[in-house]
Amino acid sequence: MEPLVVVDTSVLLAACLGPSIDAKAELAANAFRTLSEAGIRTCITETIQREFEGRLYERVGQVLDATRDLAQAPAPDSDREVEPLDALEGVFATLRSKTGGAAGALLVLETRVLTKVREQGQLTEDAWTSLLRTVAAEAGLVLAEVQRRFDLVGVEVLPRPKGLNVEPFRDLVDKSDLEHIASCDALASSKRRLVLFITLDGKLLAARSEIGKRTMGRVVITSPVFLDRALKRESSQDA
Amino acid sequence: MPILLPPMSHTMELGPPRSTLGTAAVALTAAPVPYRVDRDAVKASLDRRRYRHVMDRRLRHIPLELPYPAPQILARLKERDEDPTDRRRQEALLEVETRLTLLSEPWASRLSHGKAPEDRKVRRLERIWETVGLTADRLKLIASHRQARLSYNVSLFFESDLPGPYLAEMEASTHWEIAGLFLAFNAEAQKLFHRVTGGPGEEAAKHDFLASTSSLHEIEAAFRVFDKRLSTVSAATDSVLEWRDALEYFVDLFSAGTLQEFRTLRRISLSSLDRTAFEEMSEGLREVTYKLRGLLAREYPGGVASYQWISGEDPFLSDLLRTELAEA
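Sequences listed follow chains A and B, in order. With the working numbering, the residue at position 138 of the first sequence is 138, and numbering never jumps. For the working numbering, count along the second sequence from 1 and bump the result up by 239.
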């Protein structure tokens with residue numbers, strides 16, 4: 001029987017990025033192509049779907065929070081003695097010191113705002129506010145666009161299986177991955193099928209051997225690079 | 240003039256726009272209308288129904304007892320709606336909805352009785368063409384209203400300490416609601432045109448439509464499918480609208496010191512709100528938006544594939560995904 005193929009959040013994110021943009025995205029695109037050519041349906045667990053959606057809202061939310069913080073700072077060229085871009089650098093440094101957990105969001109916002117400031121030239125207070133409102137609106141469009149790309153990937157969401165037990169994996173994988181691996185184990189058990197879990201996460205790939213042991217070989221962790229080989233191995237064992 | 244809807248532009252406008260009826264709801268406006276129908280009575284009936292929709296369908300999602308009596312909230316909503324800021328757009332929408340309602344009334348079809356079969360067919364085709372055109376006008380007005388409402392929410396967010404994901408939910412759900420209406424309308428209108436004229440749906444022209452050689456029975460069947468399938472998507476977009484409005488009204492109502500503050504742009508603090516209710520409603524909005532997306536991906540995969548909000552090379556998009564990927 002063909003394996004149940006489950007992809008991780010990292011692979012979904014890479015797939016949303018587009019193959020021409022990033023090396024990881026190209027790997028993800030290759031993985032989906034391989035699965036499609038083999039006629040194998042790609043799945044995700046309900047926990048992965050929730051994580052993917054939740055993280056997106058959280059990240060875009062952080063960008064929006066930071067945009068609002070930025071709006072409370074003076075316009076970058078309000079002080080004639082300081083270059084606008086220098087002023088912005090200072091504002092972002094202050095924001096970074098206040099918001100520890102949103103470093104990634106701040107970086108994304110910084111790049112966006114800087115591009116717009118360079119395009120705009122002189123910035124009155126009104127133009128600054130308007131610029132930030134535009135960025136806030138764009139953040140919502142980015143969120144909808146990522147969701148659209150996720151929907152187009154066309155993965156099947158597997159309902160949360162019964163008998164999910166995270167305990168065997170608690171000391172082995174990060175808390176965020178605990179439910180995903182336990183879900184795969186429970187699915188493999190209830191459906192009596194091998195689960196092939198495709199991920200780009202280095203920690204999970206490092207733990208593949210131990211996860212294999214603890215699931216009695218029911219869950220195989222692999223990367224998109226080795227997916228083709230893993231599929232061939234499973235089909236030869238079936239034969 | 241093309242009858243299909245263009246991709247939406249993303250303009251920003253200010254002002255606290257009025258509530259509107261949900262999209263499916265207008266099809267349910269069949270308050271008894273006499274044969275000699277009074278246009279103003281239909282309009283007034285639609286207007287009353289709009290407020291009932293807000294009170295009965297949207298506010299019911301708030302899991303707490305309302306802080307003010309419902310009739311007073313209703314009166315306050317009506318009072319705010321008298322503000323001229325959004326009046327013109329609202330009047331335009333009400334006018335289109337009135338015409339649509341009148342067109343859908345049984346008496347309208349009886350007007351063609353007693354005529355030759357070919358005349359009846361042409362009249363029916365004319366009515367269908369007009370209905371489809373008015374539906375397109377209505378959806379454009381609704382989209383414009385939703386964008387104005389979103390713009391208001393951006394302003395409100397900047398004045399508040401509400402969490403970022405709140406605005407993210409407002410934004411994403413609005414974009415998906417509009418996308419749902421546009422995708423479904425264009426796809427179903429094209430199918431209708433193709434079925435009636437036999438030609439490509441993308442290039443529908445009134446002249447070809449009225450010259451259809453299909454039977455009246457076939458035309459009626461095609462229109463019923465158009466209406467039914469559009470209603471299915473409208474029900475899903477309405478659900479998104481209901482939850483989003485409920486969340487917005489919850490934030491506004493429960494943070495207002497007095498009812499006079501309700502529907503005014505002011506500083507809103509999260510601490511004035513019940514966090515459990517806030518999170519429950521945010522989750523509700525996410526769920527219905529996710530369901531709508533699932534419906535669109537199943538029913539209109541080609542439309543979803545071509546409905547692009549941001550280009551693939553946009554650095555804002557790729558920076559965000561790369562950041563997420565680095566931390567995944």
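Since the hints were made in silico from the structure, they are not lab data. Cβ atoms here follow ideal geometry from the backbone N, Cα and C, with glycine treated the same way. A portion of the hints provided could be inaccurate.
Dumping the calculated EDC-like pairs for lysine to aspartate or glutamate here, alpha-carbon to alpha-carbon at most 16 Å [as the list claims (entries may be wrong)]:
no., chain 1, residue 1, chain 2, residue 2
1, A, K175, A, E37
2, B, K530, A, E46
3, A, K213, A, E167
4, B, K282, B, E330
5, B, K530, A, E81
6, A, K203, B, E344
7, A, K116, B, D553
8, A, K213, A, E156
9, B, K379, B, E334
10, B, K530, A, E119
11, B, K317, B, D286
12, A, K116, A, D126
13, B, K430, B, E538
14, B, K360, B, E457
15, B, K467, B, E566
16, B, K530, A, E167
17, B, K282, B, E365
18, A, K175, B, E566
19, A, K232, A, E37
20, B, K445, B, E500
21, A, K98, A, D69
The calculated label-pair distances, taken between Cβ atoms and stated as ranges, are [said to hold, decoys possible]:
no., chain 1, residue 1, chain 2, residue 2, range
22, B, S510, A, Q120, 31 to 41 Å
23, B, L498, A, E26, 40 to 50 Å
24, B, A460, A, E26, 45 to 55 Å
25, B, R287, A, G90, 50 to 60 Å
26, A, G90, B, S510, 29 to 39 Å
27, A, L178, B, S510, 30 to 40 Å
From the structure, some residues in chain A lie toward chain B, with a derived Cβ separation under 10 Å [as the list claims (entries may be wrong)]:
no., residue
28, D22
29, A105
30, Q237
Here's how the hints hold up against the structure:
no.: 1; hint: K175/A x E37/A; verdict: 34 Å, violated
no.: 2; hint: K530/B x E46/A; verdict: 14 Å, holds
no.: 3; hint: K213/A x E167/A; verdict: 14 Å, holds
no.: 4; hint: K282/B x E330/B; verdict: 10 Å, holds
no.: 5; hint: K530/B x E81/A; verdict: 53 Å, violated
no.: 6; hint: K203/A x E344/B; verdict: 64 Å, violated
no.: 7; hint: K116/A x D553/B; verdict: 13 Å, holds
no.: 8; hint: K213/A x E156/A; verdict: 27 Å, violated
no.: 9; hint: K379/B x E334/B; verdict: 14 Å, holds
no.: 10; hint: K530/B x E119/A; verdict: 39 Å, violated
no.: 11; hint: K317/B x D286/B; verdict: 10 Å, holds
no.: 12; hint: K116/A x D126/A; verdict: 14 Å, holds
no.: 13; hint: K430/B x E538/B; verdict: 13 Å, holds
no.: 14; hint: K360/B x E457/B; verdict: 11 Å, holds
no.: 15; hint: K467/B x E566/B; verdict: 45 Å, violated
no.: 16; hint: K530/B x E167/A; verdict: 32 Å, violated
no.: 17; hint: K282/B x E365/B; verdict: 23 Å, violated
no.: 18; hint: K175/A x E566/B; verdict: 14 Å, holds
no.: 19; hint: K232/A x E37/A; verdict: 13 Å, holds
no.: 20; hint: K445/B x E500/B; verdict: 49 Å, violated
no.: 21; hint: K98/A x D69/A; verdict: 10 Å, holds
no.: 22; hint: S510/B x Q120/A: 31 to 41 Å; verdict: 36 Å, holds
no.: 23; hint: L498/B x E26/A: 40 to 50 Å; verdict: 57 Å, violated
no.: 24; hint: A460/B x E26/A: 45 to 55 Å; verdict: 48 Å, holds
no.: 25; hint: R287/B x G90/A: 50 to 60 Å; verdict: 56 Å, holds
no.: 26; hint: G90/A x S510/B: 29 to 39 Å; verdict: 30 Å, holds
no.: 27; hint: L178/A x S510/B: 30 to 40 Å; verdict: 33 Å, holds
no.: 28; hint: D22; verdict: 7 Å, holds
no.: 29; hint: A105; verdict: 7 Å, holds
no.: 30; hint: Q237; verdict: 30 Å, violated
Violation of the numbered hints given earlier is confined to hints 1, 5, 6, 8, 10, 15, 16, 17, 20, 23, 30; the remaining hints are satisfied by the structure.
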